[in-house]
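Visitor: Chains A and B, in that order, give the protein sequences. When you line the first sequence up against my numbering, it's residues 1 to 262, in that order. When you line the second sequence up against my numbering, it's residues 1 to 273, in that order.
Treat the hints as calculated values from the structure; they're not laboratory data. Note that the structure is a prediction, hence the values are computed from the model and not measured. A virtual CB, placed ideally from N, CA and C, is assigned to each residue, including glycine. Relax, there's no trap hidden among the hints.
Simulated restraints on C-beta separations:
#, chain 1, residue 1, chain 2, residue 2, range
1, B, W20, A, R67, 41 to 47 Å
2, B, G21, A, S247, 51 to 57 Å
3, B, I256, A, D124, 30 to 36 Å
4, B, W30, A, A130, 39 to 45 Å
Taking lysine-lysine pairs in the DSS-like style, the calculated list, with each CA pair at most 30 Å apart, reads:
#, chain 1, residue 1, chain 2, residue 2
5, B, K17, A, K91
6, B, K7, A, K107
7, A, K107, B, K3
8, B, K98, A, K91
9, B, K11, A, K107
10, B, K98, B, K17
11, B, K3, A, K91
12, A, K91, B, K7
13, A, K107, B, K98
14, A, K91, B, K11
Next come the chains, spelled out residue by residue.
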Amino acid sequence: MPIVFRNVTAGYRRGITILRELSCELTPPLVILGPNGAGKTTLFRTVLGLTPLLQGEVRIDEYDVNRINGVPGLVATNLEEVYTLLKLPIKDLARLYLELVGGSYEKFLDLVDRFNFRDRLNRDVFSLSAGEKRIALNLIALATSCRYVLLDEPFENLDPRMRARVLEVILKEARRIIMNTHATWLLRKLDGWKALLMIQGRVYGPIDATRLPDLSIVKGRRSDAELTIRVDDEYYSLVSGEGLRISEMDSLDRLYEVMAGE
Amino acid sequence: MSKLFLKYYLKSELRSKYLWGWSIAFMVFWLILGVAAISQKAAFFSTLEAKLSYAASWYSTVVIVGLGSAAVGLSYEFVYSSIAARYLTKYSRLTSSKLYAGLLVGFIIVCIIVAAILFTITYLLYSWRLGANLLPANPPGLIAATIATGIMLYTFAATIMYAMIALRKTGMMYFAAYLPMILALGLGITQVYVNLGWVIVASPFNAAETLLYCYYSGVEPRLASFIHYESGQVISPILLWCSLLAWTAGLSLLAILFLRLQKGVGVEELRLF
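My request is simple: use the sequences and hints to build the entire structure.
Guide: Next up, the structure:
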């Protein structure tokens with residue numbers, strides 16, 4: 001069973017909506033690709049109950065997100081705001097969250113050793129560098145036994161060596177991972193994964209993640225398009241063959257530059 | 001209540017530099033000032049009652065201000081836990097009631113620890129300087145008043161912060177978080193020098209301070225400043241207890257009301273705090 005969005009509008013109560021009448025299904029293993037500001041994190045926050053649902057319905061398996069209460073083992077995440085309950089060293093934070101959400105502290109320690117992270121366990125999350133913080137929260141989320149693990153930009157601020165290690169662990173846990181990223185370097189490694197494109201609060205797809213790098217973006221609606229996306233009031237097609245390939249963009253943040261240059 | 005949450009809440013609070021700085025170190029500085037002032041009033045301390053009363057006035061003031069400072073940390077905890085709690089109450093074993101019961105019990109324990117440290121330092125410093133054994137006249141009363149003060153401050157901080165969240169006044173949260181300390185400091189110190197009259201009963205901060213003072217010194221509660229205490233009108237301690245409990249009950253109801261009214265402030269809005 002996937003996570004299902006039905007006609008969802010979500011955002012902030014001061015009239016700022018990020019997701020507008022969104023309908024989609026999130027089934028692991030899934031990567032959600034989009035430039036910064038596309039609404040990827042808000043999509044996750046809506047599932048987690050952090051961003052108010054203004055309209056529509058989000059269901060996780062048999063549960064309605066608005067009514068769900070006290071169900072450990074269902075959803076874990078690496079989003080920092082979820083870990084603000086108490087100011088604690090990483091080891092205590094991991095122990096507390098894994099006990100509450102459902103998971104294994106031994107598995108966490110095993111992951112910690114694989115990342116040579118033991119010497120940071122006595123430090124507070126807030127005192128870690130951006131990259132260290134990302135690794136710590138990725139590891140806590142991955143050490144849970146949750147059915148769905150939502151990873152928000154799990155490679156952000158990591159050096160290439162750490163990125164490869166994180167990807168290795170993610171691939172092992174693929175059957176429960178839904179991650180979002182604006183990076184494209186990993187797409188060819190996501191064999192068996194589906195990808196959704198997310199731009200300006202709208203979701204396009206799914207499409208095989210390994211297929212995406214070979215596609216190019218061209219202006220207009222094309223009959224041979226594998227995906228057609230809308231940016232502002234313009235349509236763009238993802239086609240094979242011509243134009244700038246997605247694999248040639250390091251980050252989907254370049255999407256707007258590409259579109260502006262068309 | 002989640003024992004694990006309580007354990008880590010206590011660990012988090014007892015590692016807080018803010019707590020040790022404002023609730024302990026800063027209050028010890030005040031206690032030392034009180035000791036330093038003794039040489040100027042040597043003639044005043046001819047009886048054990050006068051010595052006990054002097055120690056009690058400093059103790060009750062630093063406890064009310066120290067616990068008010070501790071409540072600032074609690075206010076922050078309410079705001080930040082309100083983000084994490086939205087996730088945890090849906091997807092973990094931690095229910096809202098367990099979370100807030102854990103915070104309440106945890107804060108009371110923090111209050112007892114802070115009060116115990118301040119008591120030990122007051123006792124040692126003032127007994128040494130005044131040359132008398134200045135143990136409190138009514139230790140169970142003192143402990144009960146400390147716990148009641150902790151509960152009142154908990155409901156006060158909860159009401160203020162939930163009101164800010166419910167009304168989405170996120171820009172005012174920084175000021176609101178400091179309200180317990182500002183009021184405790186302002187009203188607590190004022191009572192040392194100024195006869196506040198019936199404000200002593202009406203204000204929960206002063207009612208608590210007076211109870212602490214009376215249980216330490218063994219004197220009857222009066223509507224008076226601590227420096228001209230004998231001139232004030234005697235009142236029943238029951239009045240002070242009723243005030244403290246009525247405030248606690250009223251603030252609890254308000255906190256629950258605001259908790260129900262708040263439909264969630266976006267994370268980005270709370271980040272402005």
